[in-house]
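Protein chains: 2
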Amino acid sequence: MRKVTIIGAGLVGSLLATYLGKRGIKVDLYERRGDMRKEQVDAGRSINLACSTRGWKALNGVGLEEEVKEAAIAMHGRMMHSISGDLTFQPYGKEGEAIYSISRAHLNKILLDEVEKNSKIHFDHKCIDLDLENATVTFQNEQTKQQTSCTSDIIFGADGAFSAVRETMRKKLRFNYQQQYIEHGYKELTIPPTTDGEWALEKNFLHIWPRKQYMLIALPNTDGSFTCTLFLAFRGEKSFENLQTPQQVSKFFEESFPDIIPLAPNLLDEFFANPTSGLVTISCSPWQYQEKIALIGDAAHAIVPFYGQGMVSGFEDVRILNDLLDEFPNQSILQKYTNARQENGDAIAALALQNFIEMRDLVGDPSFLLRKRIEARIQNLYPGKYIPLYSMVTFSHLPYKEALSVGKKQKKMLDEILQISNIENIWQTEKFLEIIHKFITVYQNDVFVRK
Amino acid sequence: MRKVTIIGAGLVGSLLATYLGKRGIKVDLYERRGDMRKEQVDAGRSINLACSTRGWKALNGVGLEEEVKEAAIAMHGRMMHSISGDLTFQPYGKEGEAIYSISRAHLNKILLDEVEKNSKIHFDHKCIDLDLENATVTFQNEQTKQQTSCTSDIIFGADGAFSAVRETMRKKLRFNYQQQYIEHGYKELTIPPTTDGEWALEKNFLHIWPRKQYMLIALPNTDGSFTCTLFLAFRGEKSFENLQTPQQVSKFFEESFPDIIPLAPNLLDEFFANPTSGLVTISCSPWQYQEKIALIGDAAHAIVPFYGQGMVSGFEDVRILNDLLDEFPNQSILQKYTNARQENGDAIAALALQNFIEMRDLVGDPSFLLRKRIEARIQNLYPGKYIPLYSMVTFSHLPYKEALSVGKKQKKMLDEILQISNIENIWQTEKFLEIIHKFITVYQNDVFVRK
Numbered sequence: 001m002r003k004v005t006i007i008g009a010g011l012v013g014s015l016l017a018t019y020l021g022k023r024g025i026k027v028d029l030y031e032r033r034g035d036m037r038k039e040q041v042d043a044g045r046s047i048n049l050a051c052s053t054r055g056w057k058a059l060n061g062v063g064l065e066e067e068v069k070e071a072a073i074a075m076h077g078r079m080m081h082s083i084s085g086d087l088t089f090q091p092y093g094k095e096g097e098a099i100y101s102i103s104r105a106h107l108n109k110i111l112l113d114e115v116e117k118n119s120k121i122h123f124d125h126k127c128i129d130l131d132l133e134n135a136t137v138t139f140q141n142e143q144t145k146q147q148t149s150c151t152s153d154i155i156f157g158a159d160g161a162f163s164a165v166r167e168t169m170r171k172k173l174r175f176n177y178q179q180q181y182i183e184h185g186y187k188e189l190t191i192p193p194t195t196d197g198e199w200a201l202e203k204n205f206l207h208i209w210p211r212k213q214y215m216l217i218a219l220p221n222t223d224g225s226f227t228c229t230l231f232l233a234f235r236g237e238k239s240f241e242n243l244q245t246p247q248q249v250s251k252f253f254e255e256s257f258p259d260i261i262p263l264a265p266n267l268l269d270e271f272f273a274n275p276t277s278g279l280v281t282i283s284c285s286p287w288q289y290q291e292k293i294a295l296i297g298d299a300a301h302a303i304v305p306f307y308g309q310g311m312v313s314g315f316e317d318v319r320i321l322n323d324l325l326d327e328f329p330n331q332s333i334l335q336k337y338t339n340a341r342q343e344n345g346d347a348i349a350a351l352a353l354q355n356f357i358e359m360r361d362l363v364g365d366p367s368f369l370l371r372k373r374i375e376a377r378i379q380n381l382y383p384g385k386y387i388p389l390y391s392m393v394t395f396s397h398l399p400y401k402e403a404l405s406v407g408k409k410q411k412k413m414l415d416e417i418l419q420i421s422n423i424e425n426i427w428q429t430e431k432f433l434e435i436i437h438k439f440i441t442v443y444q445n446d447v448f449v450r451k
Numbered sequence: 001m002r003k004v005t006i007i008g009a010g011l012v013g014s015l016l017a018t019y020l021g022k023r024g025i026k027v028d029l030y031e032r033r034g035d036m037r038k039e040q041v042d043a044g045r046s047i048n049l050a051c052s053t054r055g056w057k058a059l060n061g062v063g064l065e066e067e068v069k070e071a072a073i074a075m076h077g078r079m080m081h082s083i084s085g086d087l088t089f090q091p092y093g094k095e096g097e098a099i100y101s102i103s104r105a106h107l108n109k110i111l112l113d114e115v116e117k118n119s120k121i122h123f124d125h126k127c128i129d130l131d132l133e134n135a136t137v138t139f140q141n142e143q144t145k146q147q148t149s150c151t152s153d154i155i156f157g158a159d160g161a162f163s164a165v166r167e168t169m170r171k172k173l174r175f176n177y178q179q180q181y182i183e184h185g186y187k188e189l190t191i192p193p194t195t196d197g198e199w200a201l202e203k204n205f206l207h208i209w210p211r212k213q214y215m216l217i218a219l220p221n222t223d224g225s226f227t228c229t230l231f232l233a234f235r236g237e238k239s240f241e242n243l244q245t246p247q248q249v250s251k252f253f254e255e256s257f258p259d260i261i262p263l264a265p266n267l268l269d270e271f272f273a274n275p276t277s278g279l280v281t282i283s284c285s286p287w288q289y290q291e292k293i294a295l296i297g298d299a300a301h302a303i304v305p306f307y308g309q310g311m312v313s314g315f316e317d318v319r320i321l322n323d324l325l326d327e328f329p330n331q332s333i334l335q336k337y338t339n340a341r342q343e344n345g346d347a348i349a350a351l352a353l354q355n356f357i358e359m360r361d362l363v364g365d366p367s368f369l370l371r372k373r374i375e376a377r378i379q380n381l382y383p384g385k386y387i388p389l390y391s392m393v394t395f396s397h398l399p400y401k402e403a404l405s406v407g408k409k410q411k412k413m414l415d416e417i418l419q420i421s422n423i424e425n426i427w428q429t430e431k432f433l434e435i436i437h438k439f440i441t442v443y444q445n446d447v448f449v450r451k
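Line by line, the protein sequences are chains A and B.
Mapping of the first sequence onto our numbering: position 91 corresponds to residue 91, and the numbering continues sequentially without gaps.
Mapping of the second sequence onto our numbering: position 356 corresponds to residue 356, and the numbering continues sequentially without gaps.
Derived by calculation from the structure, the hints in this document are not laboratory data.
Just so you know, not all the hints are guaranteed correct.
[What the hints assert, rightly or not] Computed, partial: chain A to chain B, Cβ under 7 Å:
| hint | residue |
| --- | --- |
| 1 | Gln179 |
| 2 | Thr276 |
| 3 | Gly278 |
| 4 | Lys412 |
Just so it is clear, CB atoms sit at the ideal spot from N, CA and C, and this is done for glycine as well.
All chains should be built: construct the whole structure from the sequences, respecting the hints.
Structural data, given as structure tokens:
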């Protein structure tokens, strides 16, 4: 791998270019849009996103963890808002564990600066043709309309959920492909800073207004604002379809989210100005072709956003690919990369869909919160052995596939524990330790993480 | 529905145009290729295909059953060829029931002639743009390169497994889509007529050389030839990958299909001249958009060929759509059509995948043949009530969905019956009737077809 072309200078493409550039590989990074550092580029995508352990490790590998973390806001847990305005807190992990809200644009700019230390970025270059057999890609300059072709040892498609590279593979190869939309869409709204320039809600949390079939969430930004996202079905009784007039929207928010109305003065304007977008899961195989072409990040595994693992799983693709280059210095590694990542891509896709149910419905349920507390107690009793599913995904580097399978067994055990009569009153007692010990004796091979 | 555009003048598009034209609807039928009646069009597709009960009913609805049947060859059952050349016969259904081998090109020509009695066909017109909201399609004349647009009440995409209409829906709508290839590919070969101009194998059968992981089949043509299809994995020990040289191919056929070597003198030339093609299942939803655009036939549900239901299921789409037009004369019917057909499309896709296992592996197994004989006996004992799965699919108009679900229960019952000790010796006895009766008493609600 001496000469590499990367298509897509989003978060994953830029991080991949950074990694490969630092290895001394000649990298050309192509991006359809203009340079976001110079012009306002409407990315049409989420304003902020979540970074967690897997993401930090990948950024650390190119020395960027500190710089990015300085621009991020820690969120220690979920803050649930009931309709009557009551707040309930649920920590994400152990003391000190947090996920981080980070500006997509800011992080992307940091990465682009880093790429340019070793490699060239070609903005305004749209991929219009791809010759898979010869690893040759043709671009059209969106400004000059001039076309150029470029052949390299390897072409990476890091061009997102609607990847042009993947589309070529889908049409020209025996390629398995699935795109599946959920019934819900999303719309972004804003809670601006207070007149004092402060955050209008508690800053260090991911706020959730869980309403069973739908929900609103809010993540903090460094400027004092929160970006809110409404997740709601497209059709049905409570749906975007039934929110056509300002009156309908006002009534919906008054009934469902009364506490955010005073905090979001531009709610109605934003509601009608901002797009309503769909939520898709995309899976495909193979991720590579003839050791010449490979997919990475959303191009290989676009997932719904409910586990906060979209960017992070793509960053982990990059980190693992880099590890393979270390381990097999003179070998082809694209099939090895695919073998290492494909099942994990499927697993995080499934986990992300599951977590939507948890966020919009279960977190508002007292028995779910009890379950989380009992699980935290078990985790404390068996440190490093019993790790709750959320923590395996968010605060560990265990393969997603393992997290998914161990998590299923944990759920089965917890289901049984929660059947114990009077559990809500005894779970904090000494006697309860014996009960837990009995369960763990039966289940440990299934619910403990493998070393 | 007064003005309709149909894209694709293959078998399903032509039949649909015939039905709608006879209703007095103004139909324009567009086809990317030239007129196959005037020029040799390399369709790149199977030379012959199977027609059965559902297909005949659909053809009967436009008065074409007799004409088409005259050009078809009845196949009363499967003729299995063992490696040592032994023949085993397994009937498809009851006495007199058969499936028919028909030339794709001949059938298509009959349909095109019929379309032109009421409607206009535009050959050499490629769909290059589709405006879903306005039901406007733009074509490019492949000869003159001139572009024309056409707006109608409804546009049907009958443009096959790689449908351009479906591609537009996939990209522009929240559209669920899956394409899944099996590990096997196929290659067509020919057994020419004998020097006397006769069929070199028994004419009225579908011949199968089942070899567990792969198989060869042969269907008769009216000119005395058979079209053979080799189904074989792309990779692995026995695979197309390992058939690169004439020596390898000769050795493979000598070991696997020795009895066809003397019958197929051009085997090696054809093997290297003919393409090796993949086998894909495509499913999608929605099949319609805003009562303006709809998918039909392979464009909506491309399936693998192992149940002989590819064309037939598309013809049934057309027949059901026509029934809906009769039933709801002044209503929109595309959503009703989708509701009626979509689950059946998924069911026949699943059945077709299952039948590959049966054809390549089970039909060579004595216990499978015993199972079929016992099942035929049960069918005789409960006429019109117990119909074996193959017959529900092939010789009835029961929804595929029902056939799939009843067939699963039948399999369960037969599995139990085949566990009875000494079954191979007692199944023809009087006493066995009591045993069957007991099973049916337990299972009848599940294994009988609903009236």
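Evaluation of the provided hints:
1. Gln179: holds (5 Å)
2. Thr276: Interface hint status for threonine 276 of chain A: violated (11 Å vs cutoff 7 Å).
3. Gly278: At about 4 Å, which falls below the 7 Å cut-off, the nearest Cβ of chain B leaves the hint on glycine 278 of chain A intact, so it holds.
4. Lys412: Result: violated, 27 Å to nearest chain B Cβ.
Hint compliance for this structure: hints 2, 4 are broken, all remaining hints hold.
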